[in-house]
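Trainee: Each protein sequence line maps, in turn, to chains A and B. The first sequence begins at 1 in this note's numbering and counts up one residue at a time. The second sequence begins at 1 in this note's numbering and counts up one residue at a time.
It cannot be assumed that every hint is accurate.
Pair by pair, the computed Cβ-Cβ distance ranges are [as the list claims (entries may be wrong)]: (1) Ile24/A to Pro404/B: 21 to 27 Å; (2) Leu110/B to Thr68/A: 46 to 52 Å; (3) Gly23/A to Tyr27/B: 41 to 47 Å; (4) Gly342/B to Met1/A: 48 to 54 Å; (5) Trp343/B to Pro12/A: 47 to 53 Å; (6) Ile24/A to Pro203/B: 46 to 52 Å; (7) Pro12/A to Pro270/B: 44 to 50 Å; (8) Leu245/B to Ile24/A: 31 to 37 Å.
Stretch by stretch, here's where chain B covers chain A in the computed footprint (C-beta under 8 Å, at least three residues) [said to hold, decoys possible]: (9) 49-55; (10) 63-75.
The set of hints was computed from the structure by calculation and includes no laboratory data. Since the model is a prediction, treat every value here as computed from it, not as a measurement. Where a beta carbon is used, it is the ideal one built from N, C-alpha and C, also for glycine.
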Amino acid sequence: MDFHAALGWGLPVGIGLAAIGSGIGLGGIGNGAMQAIGRQPEATAKIQLAMIIIAALAEALTIYAFVTMILLRGQIG
Amino acid sequence: MGLEFLARVRSSSLWVATVAALVMATYAAPLAGLALAAGAAWSLINLALLQGLIVALTGADRRTMPATWRAIAAIGGLLALFAAGWLMLTRLSPALLAIGFGIPFVVMVLKATALLLLPSAAWRRLTKSPWIAAAAVVVLIAGLWVVAGRAAGERHGAAHTESLAGAVRGGAGAHEAARSGEAEESGPQKFPNVITVLHRLAPHAPLVGFLHHYEVLVFSLGIALLLCLVAWFASRNPQMIPGPLQNGAEMAVEALSDFFTGILGPRHGPRFVPFLGTLFIYILAMNLFGLIPLMDSPTSSLNVTVALALIVFVYAQYVGFRELGLLGWLDHMAGSPRTAIGWFLVPLMLPIHIMGELAKPISLSCRLFGNVFGEDMLLVAFASMVVVGVPFTRFSIGIPLHFPFFALALLSSVLQAGVFSILTSIYLLLMLPHDDHGHEGEAHAQHAH
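Next comes chain B alone, as it looks inside the complex:
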């Protein structure tokens, strides 16, 4: 309890506020996200200045000159902050600003509650057996469900008449939207999966509509959950003489670790193995999921692959900043000029490097999407090639011409997952300070696209 606790609160609320502001800016409006971020930033700076003031006034070195100056600076900062707060209140939405302002306090209260709760006897009794803990979680979720349902019911009753009027007015528009939705449906024909089958059986059920809308997300999150379960079961009870599941998991982890450490070198390798290995296993599982009947591979949607590529892009830039610092990163972007010719070439090298960095996520995402989607299309095309209607009956027979291509699909699924993670590791390698031995070959490979 003390300054270290406050620092933890600060970093947690910084993360929470950043994520919340990004979500708001993406799904509501950019200005709403800005308001949330501004509120949180205001609150965090306020807390930091207050902490500085209190430390300066009550610390061991009070009544010395530097402490006085620090106190004066903190008070001046607080005054400037209040002026900025007034300015923000006139420009941005006060409610969102207040929510952003409240984030650090909520985090502080939650952290304090956790600190009080975790060493208590009741908590220890609750977590002694996983069954009791699971039952407690289930009870908590059920209670939240009931409360949220009741609150939503009340709000729904109030909003009902209003939405009815809106529906009458927007009737024509809704029809238009429905028709364009249908047109979108009949785009590329794919194998049916669980969700499309459900959607065809019950097109108007709200849950099915939700699932159908977020089909890709449902599948990718389901696969992530499945992988988590497998990992949990494999590492739950480690034995000296491993069972089949533990053995397989250990082999996979060891092979991936050796492989990526071989690319990145023994100094940097072990740090990035978890990220790269997870990427490989996750993409491989997503690619292969499309080969299971009634399932769909999420990577055959551009949204998923772009998300993965953006994660890689942001992570590579973060690693670059972390390892090289701002100046080192700029130096790297300018092509590390050391000679007069190098400095002369900076105006040429900087745009090339920046474009190269921006081209990486595009090429990563398009490659994975194109391969998996093209493979799906190939299978569908061959499956639907020979569908013969039997005369005098309503049945038709299909000859499964696409079976040989399953082998090709298996091969390219593994290959594409490998290519994605290998290229990611090479982007990371190019970002890391490479002083030990030259990577000229990879550097040329990077410039090739």
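This is chain A alone, in the form it adopts within the complex:
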């Protein structure tokens, strides 16, 4: 398999894997935040803030994969 064909297979699969990974991560973050809000509704604002920050960090990994895909897309033969 040459380089271009490998990219043609690898990029979509890779971005899908990245999306699965950060989907699992986001699910865990949301789960934890919802439980915390359920236990302590008065701390909602603080928990939401921390949740958004960590969700942004988890989501960034997919975005990196996406940017890599955009950069390498022109190389697919």
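Got chain A; can you put chain B on it based on the hints?
Mentor: Okay, now just chain B, sitting in the frame of chain A:
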């Protein structure tokens, strides 16, 4: 008028020279920027030494030992400076050095003119009504335009034959460049905006070519201008019972101020609210601009997001230096070693902290760019999914499948603007001396990337 005036001149010309040197180094050549900076630095040091000499010779404590020593030191410094100037003249471009040398003097003349002009009766009459002032500005700009056009015309006439010869020689290269430009155009397909439509209608008009080249800049500056206008109109005539615009602006400002003060604490918060709030509003406006038909969101270009992230990076480091001092900043970078184990871990912690600092702008810019750009691509993909050609006609019908995703785009635009500004505020918080209460959670969040 006096020493305080000179100090103001010094700080202004330092800023002007720094910006000019950076612009030269970026757009012309690094050595040109260096020459400009060296010229300006030479001139500033020269001025400072002269001032020191004059103060030492004419001050109240002249003829005492310290004043004499100061005068001798100033003279020695001037001699060393002249030697350095000779050395620079042999190494760097004399014209740029002279321009850099002239910057403080130009600033001084302009400041003196302003000092003379501002209290005068003519100036007061001119600025009494905004209409007269605006008319004066328009007249001034028109005059500059005419003068600059005439000067450029003369230079153009002289350079014409030369450029013609160059064009004949570089013909093949120009074709090559044009073709690669076309290839770049056909990269990611986006929704058409005003500028691309204009470019398609008139591909060879120079103004349209300029706009097309600086499309992102045009949009981002336009949005900045729009926000300035809104802010001006909202705060122009504040009322006790606010109108709708003032009410909305006050609500936004209050909400942002409360939010960021809540993160940064009441001690540091109010100082950074203007910066963080501006960042939020500006990024939000840029993200949402892509949803308006025939407009484009500048944040879907990596250039804009990198610029924003670099601003945040430089500002956070500046705040760190300002608050902690050089030693405190180094201590912070080394992970604040207080125990033997802490000192033992410094070789490990220092690279980690430095890499963490450098990763911040990269992750900030890539996150914003990736989200906004991906959202645009998603909309385009769904919009172009069902385009059906009607049989026997030249028309085609598109089913707007991308409408549901506008809601998603709205949500993620707000979220990304919020994430950018929240992360910025947390980077600032990590830089500030945090003695009042621990921020262990945020510290861990920062190490996570």
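Trainee: Does each hint hold? Answer for all of them.
Mentor: Hints versus structure:
1. Ile24/A to Pro404/B: 21 to 27 Å: Since the Cβ atoms of Ile24/A and Pro404/B sit about 25 Å apart, the hinted range of 21 to 27 Å holds.
2. Leu110/B to Thr68/A: 46 to 52 Å: 50 Å, holds
3. Gly23/A to Tyr27/B: 41 to 47 Å: The hint (41 to 47 Å, Cβ to Cβ) holds, given that Gly23/A and Tyr27/B are roughly 44 Å apart.
4. Gly342/B to Met1/A: 48 to 54 Å: 51 Å, holds
5. Trp343/B to Pro12/A: 47 to 53 Å: At 49 Å between Cβs, range holds.
6. Ile24/A to Pro203/B: 46 to 52 Å: 48 Å, holds
7. Pro12/A to Pro270/B: 44 to 50 Å: Given about 49 Å between the Cβ atoms, the range holds.
8. Leu245/B to Ile24/A: 31 to 37 Å: 45 Å, violated
9. 49-55: holds (count 5)
10. 63-75: holds (count 6)
This entry does not satisfy hint 8, going by the numbered hints stated previously; all others are met.
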